[in-house]
Every structure is written in C-alpha cells, then in structure tokens.
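Number of protein chains: 2
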Amino acid sequence: MGLENVRYVELPIIHDRRGNLTFIEGNKHVPFDIRRVYYLYDVPGGAHRGGHAHRQLEQLIVAMSGSFDVVLDDGQRSRRFHMNRSFYGLYVPRMIWREIDNFSSGSVCMVLASEHYDEADYYRDYQEFRVGLGLPAVPEDEA
Amino acid sequence: MGLENVRYVELPIIHDRRGNLTFIEGNKHVPFDIRRVYYLYDVPGGAHRGGHAHRQLEQLIVAMSGSFDVVLDDGQRSRRFHMNRSFYGLYVPRMIWREIDNFSSGSVCMVLASEHYDEADYYRDYQEFRVGLGLPAVPEDEA
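Residue numbers (UniProt numbering), protein chains in the order written: chain A, 1 to 143; chain B, 1 to 143.
Among the hints, erroneous ones may be present.
Identical copies carry no separate label here, and so any pair may be met within one copy or between two of them.
What the hints assert, rightly or not - Taking lysine to any residue and the SDA-like style, the derived pairs with C-alpha atoms no more than 25 Å apart in a straight line are:
id: 1; residue 1: Lys-28; residue 2: Arg-130
id: 2; residue 1: Lys-28; residue 2: His-48
id: 3; residue 1: Lys-28; residue 2: Gln-76
id: 4; residue 1: Lys-28; residue 2: Tyr-8
id: 5; residue 1: Lys-28; residue 2: Ser-78
id: 6; residue 1: Lys-28; residue 2: Met-64
id: 7; residue 1: Lys-28; residue 2: Asn-84
id: 8; residue 1: Lys-28; residue 2: Glu-119
id: 9; residue 1: Lys-28; residue 2: Pro-44
id: 10; residue 1: Lys-28; residue 2: Leu-3
id: 11; residue 1: Lys-28; residue 2: Ala-120
id: 12; residue 1: Lys-28; residue 2: Asp-101
Since the hints were derived computationally from the structure, they do not count as laboratory data.
Computed from a predicted structure; not experimentally measured.
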C-alpha cells in the first residue's frame, strides 16, 4: 500500500456551453462505496492542513475550485501532487500519510471517503504511523 | 412526494482558521446511500440548467462555491430556493421537477444522488411528468 498505489483518476466530463458536468459513481470511478463526502472551503490562501493517515479508509480528493497541493508519504518516500482541475481526482489508498497545502484563495477541496467518520481509524502521529507500517520510528533529531 | 417534503438540511461545520470543513454521510445527513456524486462547474454567470424529474432518485444539492437558484415544482406548486452556503443542502425527493438558474460566475453546484445514472429514471418532458403524477397534462395554451 505504498505510493505506487496512488493514482490520478481522470473523471468523465459532459461538456456543455451552460457549464461542464463531472460525475463519480461508487465502485465504478472509485474502488469503494462512497460513505462520506467532505469538503474544505473558506480556506485562506497559502493555508496548510495537517498530516494524518488512515488504517482502513480510502479516498478520492478533487479540487472543486481553485488549487492546492497534496503531499503523500508512505513512510519511505514522499511525493507532491498539484490539484487544479475539477475532472481529475487523486486516489489515496489506506496507510498513506497526507498533508494538504499551498491552497489558492477561495479554493474548495472535496474528498469522497470509503468509510463513515471513525477517530480510531486515524493516525495523527507520524511516528505511530511508521510503527504501524512496521518501520522504525524516525530518530528524534531527524524528525 | 410534493414540495412539503423538500427541505434545507443544515450540515455540520468544523470551524478552523485554516478553513472550514463540512461533511455529509450517507443514511445520516441524507436519507439514502450516496451512490453518485456529480457537480456543475465552469458555469457562465446567469446560465440556466434545464428541467427534469426523477422517478426514484433522491438528491441533495449544495452550493460548493458561488450561488444559484433551484426551482422546484411538484406539478401543482412551484418554489424557488436560493443556494449560497456550503453548509446548507437542499433535499429533493423523487417526483419533483427541477431547474437550476441564476448561477453566479464561477459557481460550483454539487449533487449527491441516491442512484447510479439511469436514463430510464428521468422525466425530461414536463407533460409526461404531470401524467406520471396522475395529473392532467397542462393545456397547450397554458404550457
């Protein structure tokens, strides 16, 4: 469940001069049932949303308006994904640490998630996340 | 299944100075499983999205960015709902004719739907919709 399982998902677009339409169906465009939809808005330009990872939850992240970066880390490698199109989703599997930053003013970040909210599913500490992966905790002076 | 079953749904907000977060869970904040998510974007200011109704599909409509109006009609009465907050959804049950208009430039309209796409579930003709409700078709000179 490393970064090699992360991928951009090109979503369908119905083009129309009155506006474009994109749709996402559970178990079709994403490999899970959509149990929860959440979104970040009223985000100040340049804001940063902090790190966490999920034991089981999978998700698809979409820039509904504006742009931001998603930084993903599988405990061994880290990669930055720039999001600025409503018709590209970023699929994030379980056990990936993620942060979101570099928000443009007025951007909207939508996330489709495979599970209802469950605090027990979260890693909120990066060291615990590494231990959960079976990796040694990073020495304090490198953390 | 008339207009009396339409309602605004006040969605939860987690306030944060780095941006606000709203979440919607299937069978909790909406009375259905979320099988499909779709959204309208790149909408020119003042655009109008045309009428249809669904035999079975229920939906929640949210203004993710900007504003627009949703005009709902149950065959006997019509009502206009102004949408301009990310934390209010409009619940639309089955057998309600709907149009969306008065889009602000750059607005994003998100819809959570209870079913996958099925063209057979649509009424695209208002007269057929009225007949489906057991109402007489509107005389041509009043239509």
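Consistency of the hints with the structure:
1. Lys-28 with Arg-130: neither (31 Å within a copy, 33 Å between copies)
2. Lys-28 with His-48: The answer is neither: 31 Å in one copy and 29 Å across copies each exceed 25 Å.
3. Lys-28 with Gln-76: neither (30 Å within a copy, 37 Å between copies)
4. Lys-28 with Tyr-8: Answer is within: at 15 Å inside a copy they meet the 25 Å cutoff, but 29 Å across does not.
5. Lys-28 with Ser-78: Neither, since 28 Å and 35 Å both go past 25 Å.
6. Lys-28 with Met-64: both (20 Å within a copy, 23 Å between copies)
7. Lys-28 with Asn-84: Within one copy only: 23 Å inside, 30 Å across.
8. Lys-28 with Glu-119: For Lys-28 and Glu-119, the Cα distance is within 25 Å only across copies (17 Å; inside one copy 27 Å).
9. Lys-28 with Pro-44: neither (34 Å within a copy, 30 Å between copies)
10. Lys-28 with Leu-3: For Lys-28 and Leu-3, the Cα distance is within 25 Å only inside one copy (22 Å; across copies 32 Å).
11. Lys-28 with Ala-120: Between. Shortest inter-copy distance 19 Å satisfies the 25 Å Cα cut-off; intra-copy 27 Å does not.
12. Lys-28 with Asp-101: Result: close neither inside a copy nor across copies, 29 Å intra and 30 Å inter.
Consistency with the previously given hints fails for numbers 1, 2, 3, 5, 9 and 12, ordered from lowest to highest.
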